[in-house]
Each structure stands twice: as structure tokens, then as C-alpha cells.
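What follows is the residue order along each chain.
4 protein chains.
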Amino acid sequence: MKIRVYYEDTDAGGIMYHTRYINFCERARSELFFQRDLQPHQGDGSGFVVKDIHASFFSPACLGDLLEVRSEVLKTKRSSLILRQEIFRGEEKLFGMEIVLVYLSMGRPSRIPEQFLSFFGSN
Amino acid sequence: MKIRVYYEDTDAGGIMYHTRYINFCERARSELFFQRDLQPHQGDGSGFVVKDIHASFFSPACLGDLLEVRSEVLKTKRSSLILRQEIFRGEEKLFGMEIVLVYLSMGRPSRIPEQFLSFFGSN
Amino acid sequence: MKIRVYYEDTDAGGIMYHTRYINFCERARSELFFQRDLQPHQGDGSGFVVKDIHASFFSPACLGDLLEVRSEVLKTKRSSLILRQEIFRGEEKLFGMEIVLVYLSMGRPSRIPEQFLSFFGSN
Amino acid sequence: MKIRVYYEDTDAGGIMYHTRYINFCERARSELFFQRDLQPHQGDGSGFVVKDIHASFFSPACLGDLLEVRSEVLKTKRSSLILRQEIFRGEEKLFGMEIVLVYLSMGRPSRIPEQFLSFFGSN
Chain A
1463 MKIRVYYEDT
1473 DAGGIMYHTR
1483 YINFCERARS
1493 ELFFQRDLQP
1503 HQGDGSGFVV
1513 KDIHASFFSP
1523 ACLGDLLEVR
1533 SEVLKTKRSS
1543 LILRQEIFRG
1553 EEKLFGMEIV
1563 LVYLSMGRPS
1573 RIPEQFLSFF
1583 GSN
Chain B
1463 MKIRVYYEDT
1473 DAGGIMYHTR
1483 YINFCERARS
1493 ELFFQRDLQP
1503 HQGDGSGFVV
1513 KDIHASFFSP
1523 ACLGDLLEVR
1533 SEVLKTKRSS
1543 LILRQEIFRG
1553 EEKLFGMEIV
1563 LVYLSMGRPS
1573 RIPEQFLSFF
1583 GSN
Chain C
1463 MKIRVYYEDT
1473 DAGGIMYHTR
1483 YINFCERARS
1493 ELFFQRDLQP
1503 HQGDGSGFVV
1513 KDIHASFFSP
1523 ACLGDLLEVR
1533 SEVLKTKRSS
1543 LILRQEIFRG
1553 EEKLFGMEIV
1563 LVYLSMGRPS
1573 RIPEQFLSFF
1583 GSN
Chain D
1463 MKIRVYYEDT
1473 DAGGIMYHTR
1483 YINFCERARS
1493 ELFFQRDLQP
1503 HQGDGSGFVV
1513 KDIHASFFSP
1523 ACLGDLLEVR
1533 SEVLKTKRSS
1543 LILRQEIFRG
1553 EEKLFGMEIV
1563 LVYLSMGRPS
1573 RIPEQFLSFF
1583 GSN
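Chains as they are written, first to last, in my numbering: chain A, 1463 to 1585; chain B, 1463 to 1585; chain C, 1463 to 1585; chain D, 1463 to 1585.
You may find that some hints are simply not true.
The list treats identical chains as interchangeable, and a pair is accepted whether it falls inside one copy or across any two copies.
Said to hold, decoys possible - Using 25 Å as the maximum straight-line C-alpha spacing, the simulated SDA-like pairs for lysine to any residue come out as follows:
| # | residue 1 | residue 2 |
| --- | --- | --- |
| 1 | Lys1464 | Met1559 |
| 2 | Lys1555 | Glu1576 |
| 3 | Lys1513 | Leu1536 |
| 4 | Lys1513 | Arg1546 |
| 5 | Lys1555 | Gly1507 |
| 6 | Lys1513 | Leu1528 |
| 7 | Lys1555 | Ser1572 |
| 8 | Lys1555 | Met1568 |
These are computed hints drawn from the structure, not numbers from a lab. Remember, predicted model here, so these are calculated numbers, not experimental data.
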């Protein structure tokens, strides 16, 4: 998944604002759902929520850069997933994070539905 | 209402990103509701939506600036309001807009409830 | 230019936050520059700034929508441009605005360089 | 430091978008500088950059919530700082993170100036 850095993503330091990297990773996760006509959250309050993020910033992205988000599943548990997501500019890694997502149903951690498990490995 | 300009509000041009002025005006409108323990939108789908904005940008705001949003009602109709909202840094006007808000109930323009009319003049 | 609506673009009202439409139009303008390896602002403080926006909101965009921004030049003056930019979901127009951009060089309105004039009509 | 949750901070899930917690912590750090008429980044390219974030999300914040950011220095090294920043709604902790900031001068990790060290403990 390719994402362009626009003015709204940068700050007065002249580089991309630090949480935009994490937003870009969320776009990549949501895109997995949208491309299957699914939504990350269902109307009944069930869906994935972010529990934990461990992020490292290696090098700054700049206005106009075309970035690529790469995602892989590190571990699957009954009601949670650990993903590694990294952002590259060409072959240079700018950012990496591990993120723990928990699946909630009616506000409680619940077994991840089969349909979601099947595609999280495929990005 | 005083609002500080933080990094997230600026862009690589070194100044505040242009739509943040409009966001700051929305904060000022919402604050009127929150301070009365009300919400701009109710859970049943009724509430105010933005119909039209006419905005003029006079001078840029910068990182760390402390801005003030001033709001006044220009006109009240059955189901809509026209507000003027301006942003100042000290006595210098940086931004001004006129905004038309429509009150929707179940997705249709509807009479503005009395409780909302009463406080929109008082900012 | 196609743009997806992600979580970060929506708000608790369940629809796209109103200024995101205006951001999406800015992305479309900047994309014209990036695709020619140009930048909307040069390091020496010259570039286009937003002077005036008149925006109308027709219908809300929702999470996961794939939107299209269409842009055309309405008028070209010595140091400013008027553009019309509209956002469609399929054939439905959700948003339209007219925007006045002024070209600044060293902080003052200046003649728009030929290279920029030539491509603003081509989106 | 008290921060209100506005529409722009929420998403279609009805709660605060996950990276906004991290933005709010950045506001609190920047406020330390602004209140002393200092800037987190100087014009010559020196200043603090984010190197690493480890964030945990305990409970969601909602539209209109008034949140408090509490910050403390965990460790000070020659050219870097580790801070703990937490976000509370009343006495309930919603979010916590440890963040590593590195001080750069001309793009290289450098000794943190005395004036900055002195106030980072005082929030």
C-alpha cells in the first residue's frame, strides 16, 4: 500500500508529524477490510481496538514522499493479534512498530471471527 | 476561548495548516454545548451540520501562538443559523468566516430546539 | 484523483469531519506539483497560499468511501488563481468549493511563474 | 494540563482516535517550552525528536471529555530523555506511554542544553 505525504501530514519542523506514521499503519489495516467490503468495526459495537503500540522512528519522512506500509502477523491468539507494520521510502525503513489489537464484542475481548483471521496474513 | 497552536496544527510551510482555523472555530462552537453538559449531536441522529462556509485568511498563525476565537450569531432562521467566527492573535485578526449550520432531526432540516437557540448568542 | 475515507477522517457523528473535504482538495492540488517533481512552496518562502474559500456541503461521506476530487481553473490573474474543486462519490456530488490562491514571493503577492500556470488546468 | 476532546479527535467508532492520545502528550511537552517563551525546535535544525514510543491504551476517551496529561522524567542521559506521560479522566487512567526523546544539533545526537534539562521535571 502506497501513501503520499501531504501538507496536513507535516509540521513546522518540516518533516512528517510523528503520529502520522501510526495513522498510516491504521490506514493499511483498514484497507484490508475495505477491499473485502468489510468494516473494522461493526455497528453492534464489535471490532478491533488498539491495546498496545511499540513504535520506533528511524528516519524522517518529508512532504511529497511516497511511502509504503508493509504489514505481517507476528502472532495470533484467541481474541488478539500482534502485527508488525513498517514504513519504507524505497528500500529505506523509516518507521517500525508492533501493535496489539484486541477483538471486542459488546465491549469484551472475544474470539476473533474466522473471516478476519483469514486475511490478516495476506497484506 | 483561547487555543494554542501546536505542532500538529502546523505544516511544512512553517505556519498553521489552513483548515485548522476552521477546526478551531468548530471547537469554539462545541465548547458552548459541552459547558452546558450538552452535545452538538444527539444519539438519535439529530443535531447541527455544516451547510456552507465562506472563509477568508488574512495573516498566518505560527507554532506556539495563543489564539482567540470570537463568535456571534448573524441570523437565526427556523432550522438554520448563520454565525460569524473570527480568530485573533491579540488584536490582529488572522481569519474570519461565515458559517451556515442546519439543524437536522432524523436526517431532515427541523426547527432548532429552544435550548440551543438561547445560548448561541452568548459566546 | 481517488481518495479513501479512513477512520482518522471521520468523527463521532459517524461521517467525515467537515474540514477533511477541504484537506482532500488540498491533496489534489499538491499532487499536481508532486507528479512534476515540484513543491507547492519553495524553500525561499515563495509559493501559493489560500486567501479565500467558499465551500458547500451537499451530502456526507462515510468511512470506507472512495471519493474523487475534480478540479478546474475558473480564472487566472497575475498573482492569483480561482479554482473550483468538487468531491464525488461515484456520480453523486458531496462537496464543492471555490478557492482563491495567491502566489507569494518573499511574502508579497507576485506574478505566478509560467511553469505553474501551465499545469493547473490539466487535472 | 487539561485538554478537551473535540469532534476532530474522535472517529466513526464514537471514541477518540488512538493516535490523538499521543498527540495530546506532545501538546503537553510543547507547552513546557511555550510557557517559557522557548520552542521545542530551533531554526538551526536543533531540537528534540521522538525516537521510541511504548504506549498502552486502557480505556477510551469520548467526545467532550476533559482530560489531564501528567508527565514525569524517568531518566536523563547525555543526549536523550525518557518520559512517562499518562492521560487521566478524573482519577481514571485511560492511557500511558514511555517516550524516548533525542536531542539533535545539526542532525546529530548532542548534549541536551542545560536550560531544557531544568524544566522537564517540573510538569
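*asked:* At most 25 Å between alpha carbons: which applies to Lys1513 and Arg1546, within, between, both or neither?
replied: So Lys1513 and Arg1546 pass the 25 Å test inside a copy (14 Å) and across (17 Å) alike.
*Can you tell me if Lys1555 and Gly1507 fall within 25 Å by alpha carbon in one copy, between copies, both or neither?*
between (35 Å within a copy, 22 Å between copies)
*How do Lys1513 and Leu1536 come out at 25 Å by Cα distance, when the copy is not named: within, between, both, or neither?*
both (15 Å within a copy, 23 Å between copies)
*With 25 Å as the alpha-carbon cut-off, assign the pair Lys1555 and Ser1572 to within, between, both or neither.*
between (34 Å within a copy, 23 Å between copies)
*Given identical chains, is Lys1513 near Leu1528, meaning Cα to Cα at most 25 Å, within a copy, between copies, both, or neither?*
Result: close only across copies, 22 Å inter versus 28 Å intra.
*asked:* Within a copy, between copies, both or neither: which one fits Lys1555 and Glu1576 at a CA-CA cutoff of 25 Å?
replied: neither (32 Å within a copy, 33 Å between copies)
*asked:* Regarding Lys1555 and Met1568, is the shortest C-alpha distance of 25 Å or less found within a copy, between copies, in both, or in neither?
replied: between (38 Å within a copy, 21 Å between copies)
*Which holds for Lys1464 with Met1559 at a C-alpha limit of 25 Å: within a copy, between copies, both or neither?*
within (17 Å within a copy, 28 Å between copies)
Violated hint: 2 only; the structure is consistent with all others.
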